[in-house]
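Undergrad: Now for the letters of each chain:
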Amino acid sequence: MLKQTPLTGWHRQHGAKMMEFGGYDMPVEYTGIIQEHEAVRTQVGMFDVSHMAEFLVEGAGAAEFLDKLVTNLPSHLTVGQALYTPMCYPHGGTVDDLLIYRKSPDHFMMVVNAGNYAKDWEWVTQHAASFTNVRVVDISQQTALIAVQGPQALERLAPLTTIPLGDISYYHAVFDQKVAGLPAHISRTGYTGEDGLELYVDAEHALALWERLAELGIPPIGLGARDTLRLEARLPLYGHELTEDISPLEAGVGMFVKWEGHSDFIGKDALAAQKAKGLQRKVVGLELNGGIARSGYLVFTAEHELAGYVTSGSYSPTLKKPIALALLDSSYATIGQEFLVEVRHRKVQAKSVKTPFYRRPPR
Amino acid sequence: MNIPEILKYTRDHEWLDDKGTVGITDYAQESLGDVVFVELPAIGQTLKAGESFGVVESVKSVSDLYSPADGTVVAVNEALSTTPELINQDPYGQGWIIRIEITGQTEELLDSQAYQQQVEGE
Numbered sequence: 053m054l055k056q057t058p059l060t061g062w063h064r065q066h067g068a069k070m071m072e073f074g075g076y077d078m079p080v081e082y083t084g085i086i087q088e089h090e091a092v093r094t095q096v097g098m099f100d101v102s103h104m105a106e107f108l109v110e111g112a113g114a115a116e117f118l119d120k121l122v123t124n125l126p127s128h129l130t131v132g133q134a135l136y137t138p139m140c141y142p143h144g145g146t147v148d149d150l151l152i153y154r155k156s157p158d159h160f161m162m163v164v165n166a167g168n169y170a171k172d173w174e175w176v177t178q179h180a181a182s183f184t185n186v187r188v189v190d191i192s193q194q195t196a197l198i199a200v201q202g203p204q205a206l207e208r209l210a211p212l213t214t215i216p217l218g219d220i221s222y223y224h225a226v227f228d229q230k231v232a233g234l235p236a237h238i239s240r241t242g243y244t245g246e247d248g249l250e251l252y253v254d255a256e257h258a259l260a261l262w263e264r265l266a267e268l269g270i271p272p273i274g275l276g277a278r279d280t281l282r283l284e285a286r287l288p289l290y291g292h293e294l295t296e297d298i299s300p301l302e303a304g305v306g307m308f309v310k311w312e313g314h315s316d317f318i319g320k321d322a323l324a325a326q327k328a329k330g331l332q333r334k335v336v337g338l339e340l341n342g343g344i345a346r347s348g349y350l351v352f353t354a355e356h357e358l359a360g361y362v363t364s365g366s367y368s369p370t371l372k373k374p375i376a377l378a379l380l381d382s383s384y385a386t387i388g389q390e391f392l393v394e395v396r397h398r399k400v401q402a403k404s405v406k407t408p409f410y411r412r413p414p415r
Numbered sequence: 002m003n004i005p006e007i008l009k010y011t012r013d014h015e016w017l018d019d020k021g022t023v024g025i026t027d028y029a030q031e032s033l034g035d036v037v038f039v040e041l042p043a044i045g046q047t048l049k050a051g052e053s054f055g056v057v058e059s060v061k062s063v064s065d066l067y068s069p070a071d072g073t074v075v076a077v078n079e080a081l082s083t084t085p086e087l088i089n090q091d092p093y094g095q096g097w098i099i100r101i102e103i104t105g106q107t108e109e110l111l112d113s114q115a116y117q118q119q120v121e122g123e
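For the record, the sequence lines run as chains V and B. Under the numbering used here, the final residue of the first sequence carries the number 415; numbering is consecutive throughout. Under the numbering used here, the final residue of the second sequence carries the number 123; numbering is consecutive throughout.
Chain V on its own, in the form it takes in the complex (with noise of 0.2 Å):
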């Protein structure tokens, strides 16, 4: 039996196409891909995305626990401050990526991927054991997430709040405001490389605040374009740029990894030896010419020696071509390499290229 979130019945009636993802019902599209993906790109959507689970990180040592727990440094972020960060295996491995809020002092917020719910859970709470200080709540069932994104989001929000939206800073929130008069926190946040907040409302609230947000106009998204936007931004999906076997440094995503201002977080010291022996794969992004890569298709060599495999593959609406990303061998990651993707039975042209695919244009 599938989850739901308390938006799912409002996605059926709506007619959208649904599909299992992270354990939950979810709705993969309503009116086309293209046209929910171009709506963002240039204009506004909203995205239904309460699978997320959030977990409370609370007591005077959660700073230096998360600190350990991570790979980034949420003991250095200002309350009301977010950051983006990778949790590794002591291998180097990723269990997950996720977000941290700090709401206080000593209280921060852990935003995970709906489908490692229940890894990250035992995993957090294992570690949380050994510090006496630590307290970790599980405020995923009560807790819903609504995100508007795209180049219009803070404007067409406007109406509803009476926080000046464009106060927020990128990668911050404000705690306990009210949006359409429910409670919410309001965070500048999103997977899309677009502009855009993410809504934080309680699970009993949440339908009330779609419906407000569908009485503005704003249209809804469903996974199908949250995937292809997030492609094209280069933001990487667990489960496929980052697993138990990919570390944050071959996803591209070492810029989250500090290696000062905490002693041994997990994984710190595989991952050093890693960056110590240089990289052996990177994931790299890649442009196709005459089919569409998919997840594992593998990628060859213009000699046709095997370089690696795809690991995220998809039609770019913006680019108006396929594009993937690809994690490879070392030696052939560079830009502007010529490589063959295997496809189905035939050998596809590809070349690899700068990401992200899509910058969104300065305002």
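Hints listed in this document are in silico derivations from the structure and should not be mistaken for laboratory results. Each hint should be verified, as a subset may be incorrect.
As the list claims (entries may be wrong) - The calculated label-pair distances, taken between Cβ atoms and stated as ranges, are:
1. V:T83 to B:V75: 35 to 41 Å
2. V:F308 to B:S32: 35 to 41 Å
3. V:T83 to B:E123: 19 to 25 Å
4. V:R411 to B:D112: 50 to 56 Å
5. B:S32 to V:S382: 38 to 44 Å
Glycine included, every Cβ here is placed at the ideal spot set by N, Cα and C.
Mind docking chain B on chain V? Use the hints.
TA: Relative to chain V, chain B alone:
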């Protein structure tokens, strides 16, 4: 859903007209979503009934195309290589995929009523 009475249908959601033209049904294009790539066979290629002759890819998924009959490919819709969205916009018209000259047996072909029943059962 549009299921023209004049056409025959396979259980794999393809249609066939009396000239040997083959395409995918309105139901199939709707299920696939935005079509962004079509792999077409070469003219002159011989096909067996039920054999895969190409693929239709949407943003999210890949779907094989199966020949409704033994035959030879006599025409392919070249327009699909630059405008694959024709399959979404006009699945029974400009979104046709190939034309075959039928030389032998066909797959089990359904009339529009039987196909409608199959789709409603899915």
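Undergrad: Checking against the hints above, which ones are violated?
TA: Hint check: nothing fails, all pass.
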